[in-house]
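Listed in order, the protein sequences are those of chains Y and R. For the first sequence, UniProt numbering begins at 1 and goes up steadily by one. For the second sequence, UniProt numbering begins at 1 and goes up steadily by one.
Treat the hints with care, since some could be wrong.
In this list, chains with the same sequence are indistinguishable; a pair is considered to hold if it fits within one copy or across any two.
[Stated by the list, open to error] Pairs of lysine-lysine residues, derived as DSS-like cross-links and limited to a Cα-Cα distance of at most 25 Å, are as follows:
# : residue 1 : residue 2
1 : Lys-262   : Lys-438
2 : Lys-45    : Lys-85
3 : Lys-60    : Lys-97
4 : Lys-215   : Lys-235
In short, the hints are calculated from the structure, not lab data. Predicted, not measured: the structure shown is a model, and the values here were computed from it.
2 protein chains.
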Amino acid sequence: MLKVKKKKLCAVCSQIDEEVAKLLQLKAQLGGDEGKHVFVLKTAKGTRDYNPKQMAIREKVFNIIISCFKRHGAETIDTPVFELKETLTGKYGEDSKLIYDLKDQGGELLSLRYDLTVPFARYLAMNKITNIKRYHIAKVYRRDNPAMTRGRYREFYQCDFDIAGQYDAMIPDAECLKIVYEILSELDLGDFRIKVNDRRILDGMFAVCGVPDEKFRTICSTVDKLDKMAWEDVKKEMVNEKGLSEEVADRIGEYVSMQGGKDLAERLLQDPKLSQSKQACAGLTDMKQLFSYLELFQVTDKVVFDLSLARGLDYYTGVIYEAVLSQTVPAPVSTPAEQNGADEAGASVGSVAGGGRYDGLVGMFDPKGRKVPCVGVSIGIERIFSIMEQKAEISSEKVRTTETQVLVASAQKNLLEERLRLTTELWNAGIKAEVLYKKNPKLLSQLQHCEETGIPLVAILGEQELKDGVVKLRNVASREEVDVPRADLVDEIKKRTL
Amino acid sequence: MLKVKKKKLCAVCSQIDEEVAKLLQLKAQLGGDEGKHVFVLKTAKGTRDYNPKQMAIREKVFNIIISCFKRHGAETIDTPVFELKETLTGKYGEDSKLIYDLKDQGGELLSLRYDLTVPFARYLAMNKITNIKRYHIAKVYRRDNPAMTRGRYREFYQCDFDIAGQYDAMIPDAECLKIVYEILSELDLGDFRIKVNDRRILDGMFAVCGVPDEKFRTICSTVDKLDKMAWEDVKKEMVNEKGLSEEVADRIGEYVSMQGGKDLAERLLQDPKLSQSKQACAGLTDMKQLFSYLELFQVTDKVVFDLSLARGLDYYTGVIYEAVLSQTVPAPVSTPAEQNGADEAGASVGSVAGGGRYDGLVGMFDPKGRKVPCVGVSIGIERIFSIMEQKAEISSEKVRTTETQVLVASAQKNLLEERLRLTTELWNAGIKAEVLYKKNPKLLSQLQHCEETGIPLVAILGEQELKDGVVKLRNVASREEVDVPRADLVDEIKKRTL
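Start from the sequences and build out the full structure, keeping to the hints where you can.
Put into structure tokens, the structure is as follows:
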């Protein structure tokens with residue numbers, strides 16, 4: 001019976017498909033949407049190229065982050081840039097509208113990845129992996145309103161570190177916070193704070209304050225705005241838009257103003273109201289435990305238990321955290337086009353890392369619903385790039401974009417072959433060497449190339465040097481020159497460019 | 001008049017859009033195409049995850065390639081994974097049908113990049129850059145029939161090195177070949193050959209053999225098949241499908257069987273027919289010059305001037321080259337699904353690098369058509385990964401996926417805090433250290449973790465060691481143990497894991 005109905009529906013559907021195809025063909029014949037067409041030379045909205053200078057900064061930042069991940073014993077994996085559309089469906093709540101879909105060109109329906117966490121969970125379920133400590137650095141895609149001067153793009157990097165496995169409570173969670181602490185310290189971005197809370201404490205708090213169950217998530221997202229809005233405005237939203245009573249809102253207001261450390265967790269475990277919630281007690285007990293590990297890890301000076309922290313994503317089940325820089329970054333002059341989309345103009349850089357525990361996500365992919373507990377952190381690298389780039393602009397030190405140790409040059413004409421021969425010797429010995437692609441370049445332009453690109457040494461060949469079996473080695477900065485026997489040149493360059 | 005017509009057309013178009021929207025909505029209400037739906041846990045067709053072992057191999061290969069690019073003084077850039085669709089339009093000839101388009105979700109029409117060369121040319125034109133030596137390692141996308149066991153994917157890496165700028169002939173071209181030579185030697189993939197030819201020699205050859213101008217490109221793509229097909233079959237295609245006379249085909253046959261070095265270029269410059277073509281002479285003169293530079297670069301033992309080489313892409317204007325491995329790779333057992341798409345089953349791995357000169361591409365993007373001469377090479381890394389993975393499987397040496405130097409362990413219970421304290425000391429000193437996330441792990445399972453993951457050292461804590469201010473340092477392989485004063489532990493670990 002049901003089958004017959006489906007068949008009929010399918011017939012109607014394919015009829016529709018035919019009609020749609022006919023209409024679209026007609027439209028194409030009419031010239032489609034393209035009226036006056038001019039090709040614009042640009043990258044896609046919300047994306048950017050990285051030039052060599054930006055890449056040099058990016059490499060430096062990645063090296064610091066990867067070193068830290070490796071210091072903590074992490075492996076790395078990679079996943080495709082697109083997933084089956086269904087893999088992403090139902091994982092991001094309201095934000096799903098920001099997912100980039102690929103065009104249906106026949107075959108599977110695909111979408112660009114929105115974060116690295118859902119592909120990670122898919123990977124674990126697909127390969128039946130029950131414990132792993134991995135990092136993953138890759139680009140993710142969101143059709144958001146870009147605010148590029150603030151480091152917000154539609155294509156951007158995430159640096160994720162996650163620990164999957166059934167372990168004793170709060171040990172991996174504490175290591176994630178240690179990692180954030182190490183990375184932000186090493187990147188030298190000024191003072192920072194890492195706010196910590198727990199999804200169970202939030203839920204317990206909402207329950208004892210009298211928020212109806214079905215409003216937990218929406219009230220959560222209102223609380224999440226406390227880092228940008230005053231309490232008065234947040235309260236207004238709770239009462240006027242979300243339909244809480246003033247009384248309930250005020251009760252929430254008392255809790256979310258609280259900040260502290262282990263002591264606060266202990267005090268709240270004694271709180272006559274909050275201690276009635278089993279969930280809250282579980283969260284608070286874990287919070288106490290977390291802080292005792294953080295003490296051993298020597299990071300409590302930057303970590304604060306903050307009841308107003310309420311990260312948006314649906315999949316968190318336990319501890320959540322977010323790192324914010326204290327320093328506000330001077331707002332660069334933005335173009336009108338960028339101001340349009342800039343919803344944070346003039347604000348602080350805000351969150352540069354965040355994460356938490358998500359014990360249910362892998363189970364959503366497993367055919368038998370088997371759970372793999374996970375906790376992880378994601379470093380918001382684009383904002384960090386923005387800050388580093390601004391620092392580099394202000395700094396007098398020049399960013400080198402190559403690692404060339406020596407330029408092979410000549411002062412006289414007709415020595416191209418000799419230059420190429422010497423360059424080959426250097427390359428074959430592992431020296432980073434360049435040679436200008438001209439038959440007879442001027443010595444001045446060869447020296448200028450060194451000045452411009454920061455090459456520290458020049459190996460100069462002339463008739464006399466060739467006859468004497470030496471090379472004139474010039475220090476670009478000091479302009480000192482010495483004759484080095486050709487057989488010693490490689491060692492001399494290595495010694496000088498350690 | 002025209003304006004009025006356009007307006008009318010637009011009105012019809014938007015009427016069509018409305019009708020389409022209504023129909024699609026109706027279809028959605030009916031349940032769309034989804035009848036019996038089962039979620040399949042997989043990656044998109046033609047793509048794969050990289051597991052930690054594969055990533056370790058990938059990192060090793062990339063390090064060799066990047067070191068080589070840096071040794072030659074290259075900077076690096078990055079471009080977005082998608083471009084405006086128009087940027088890619090008209091650059092790939094017939095292959096354009098393999099481009100992935102993004103869904104029109106409002107805003108710009110976008111496509112995933114098909115290679116790194118076109119985005120590079122777009123970058124140069126957009127930023128008015130007239131000379132640069134850059135490398136770019138990134139994923140590109142082609143909706144091709146995947147043959148994954150042979151290392152052919154729909155998402156795959158390219159490693160590109162290009163030199164843009166107006167320089168003296170053949171010097172940068174020779175450096176590109178030197179780079180291919182260095183990389184393939186260092187990767188240790190067995191013997192290889194680099195075939196070289198020139199678009200102008202091919203065109204001149206076709207002209208003097210009597211191929212009509214308009215058939216140059218299509219005959220070119222037939223010649224390109226000579227590495228997979230016998231001459232008899234290629235000739236058949238030329239005569240039966242492409243409509244050449246037997247005589248013309250035989251004349252081509254004579255030329256394309258020629259291989260040699262500088263001497264062949266010299267001989268062909270004297271060839272009574274070929275020397276009548278201005279284009280061919282220009283190509284042959286450059287070929288001679290190229291070989292003289294290749295001699296200086298010490299790479300002529302692997303480079304062969306091969307008149308049958310005819311790379312497909314439209315944008316090449318001068319020298320072209322392709323590197324092939326001599327060794328054929330044992331064909332792994334492939335699944336029926338893969339056999340379907342495998343057009344090279346049982347064949348050699350074939351081309352692992354290719355490139356050439358493309359002096360016109362940047363001008364296609366410049367509003368004033370200003371040209372920037374370019375030459376470059378692309379390393380086909382996926383095939384190299386496949387070979388390296390197979391080598392790793394055969395080899396007895398275990399691939400490590402982490403770099404952890406030491407595991408902090410305990411033989412007794414209730415020492416979690418002491419383990420975390422010591423681990424913190426090690427992390428803070430830059431040592432790569434792990435600790436099991438259990439309150440009371442068995443010593444055996446701690447040692448097993450080291451064996452499985454290749455951690456060379458264990459730092460063991462016990463009541464006695466704590467009292468004595470020492471740590472028992474165990475060599476996992478030899479099982480030797482020594483007590484090391486806690487203050488000396490960092491230095492001792494560094495010394496042992498240099």
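Query - Which numbered hints fail - result: When the structure is compared with the hints, only number 3 turns out to be violated.
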